[in-house]
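Heads up: the protein sequence lines correspond to chains A and W, in order.
Each residue of the first sequence is one higher than the last, beginning at 75 in the numbering used here.
Each residue of the second sequence is one higher than the last, beginning at 545 in the numbering used here.
Some clues are possibly wrong.
What the hints assert, rightly or not - Simulated crosslink set (SDA-like; lysine to any residue; CA at most 20 angstroms straight-line): (1) K549(W) x L600(W); (2) K549(W) x I563(A); (3) K549(W) x S117(A).
What the hints assert, rightly or not - Partial list, computed: chain W residues near chain A (C-beta under 10 angstroms): (4) L564; (5) S566; (6) L591; (7) L600; (8) F611.
Rather than coming from a laboratory, the hints here were simulated on the basis of the structure.
Every residue, glycine too, gets a C-beta built ideally from N, C-alpha and C.
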Amino acid sequence: MDAEKKYGLSSAIIMGLGGAIGFEIFVLLNYAYFDLAGPTMISALLFCGIINLLTMLSYSELSAALPEVGGEYTYTKAAFGGFISFMAGSLRWLASVFGGALAAVVFVEQLGVLFSVFAPSIQYLILANASILIVGLVVILLFLAIRGVEEATTFIVAAFLAIFIIFLAMSLNYSLTPRNIVPAASGGSLMRFFATSAYIFPMFVGMRALVAGAPKIKNPGRNIPAALMLTTVLLTVVYFFVAFVAVGVVDITEVGAGPLLNVAASKIMGDVGAILFAFAGIFASVSSVGTAMTVQSSILGGMSRDGYLPKALLSAHRRFGTRYIAIIASSLFVLFFGTSGAVEFLGYAASFGSLLVFALVNLSLIQLRRKMPRLDRPFKAPFYPLTPLAGIIMSVLLLSIPVVLRDVNAESALLSSLGMVAIVIVTYYLRMVKREVDFKRLRVAVGGVCFGAGATLILLAQVIAPPSLFIFMVLVGLVSIIAGLMNIIVSTRKID
Amino acid sequence: MKIRKVIAAVTGLAQEAIGLLSAVLTVMLFFDLLEVQTVFNLPPEFLPLYLLILVLFSLFSIASGVFLIREGRGRT
């Protein structure tokens, strides 16, 4: 691409739609409709659109004031510096990993749907060998990412919009069953409504591609906010009507019939619809896995350039010039989570990472208004500070309700995310703590935790361990106690 | 001092092994590889709790092991 080339408003909208319209609609609606909320999923989509709009107002102000490469990472760095920007970059990377893994699972699912039309026996083979197919897909896309293959965003957006318009137009001939799409005013119903919103939220977050492309856009102060607003409204309207039709033609009792959108397309458009939507799903998922790998390598590269991660991640391929080590590292994570095939878990995990990033972006807006009041802001978020505060509150609400509801997928996703965040924090301190005393304090803290864990393990072994595991647990506990003591004693001496 | 370094290195290596084993066990429990959830007779409602404990234990063991190995190699 020409380095000097700048895009106008229409290209910016296509960039936003290209990032947002993807495989998510083919997979996230299933669990949301059949298991979580039923027809009220449609109003959850509208609710997600509103939350997205609130945060996009913050994104608009920040991207117009700081139209540089890096998006969220740049904003949090300007607002808070060091640790918070590292967290924002890591969470964005995590969300992309989980999203890429989910896209790989959707690829196999849609491939199965496609073959169910022609040859059910092959569909069975595909579903039985899902892990092998996911490995194959990731490996092929890994090589393509290293070679630096670019995709045609405009074509993808046009194709998807055309498919959805045909789908909606043909549904006019179909008698839709009216459903109650407003959640009941009971606590349980509202909780499920919020949990659904949290689960389907990744359908909107891809719009950030527009912010990432801010340096390429002409007159960013005017075009980026306008493009973000228009993209959000357009996307919400399209999603709303597609989901409305799908819920109208597929009864909630048809839970085992296949993915909601594919079943709806099959009912409205016959085999042609089934094939068209399966192809769209395959195409979208392949494209999303490829994009996820590129995005992840770009995030890792940026964090490595700032010294947060090893410099090796910046290494460029001799022939293709791509950051191949970062791409390979990211692909391994996508592969690991993708082969799990745990759709609901991956959906929540991708959502949690994005929601946390959204909360941090809103916080950055507030901080920058206080820290740099004279910063040139071509666009200002209206109703400040209500808009960023509402964005933060909504993000936290969506993060917590599925866990309060005891959705086991949400709990697992949250715990896995917390585990990954703990690894991120330790990595940050190990990489960034330069002062000797701070390092010693970190060692004392880790030693203390190990000592406590070892002692607890030995006590627990007395109570709960079966005879076969008793000696093993005591040995592990002893090693932890000794290691903890050694870390504490050595480091405490040196702090003084 | 040399004995101390050897003890630090050995303890560090043992802790690294424990940390890695815990991490492998976490992954096996999470994906129910080799049906370990049934083998250990774990109630599904407590699975997230066990996973969290194992992840944290594994993380701190690996970090502590790294510190001790660094000490064993003469880098504190």
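Each hint, compared with the structure:
1. K549(W) x L600(W): 26 angstroms, violated
2. K549(W) x I563(A): 14 angstroms, holds
3. K549(W) x S117(A): 64 angstroms, violated
4. L564: Because about 12 angstroms separates L564(W) from the closest Cβ in chain A, which is outside the 10 angstroms limit, the hint is violated.
5. S566: 9 angstroms, holds
6. L591: The hint holds - L591(W) has a Cβ within 10 angstroms of chain A, the shortest such distance being about 8 angstroms.
7. L600: Where the cut-off is 10 angstroms and the nearest Cβ of chain A is about 7 angstroms from L600(W), the hint holds.
8. F611: 5 angstroms, holds
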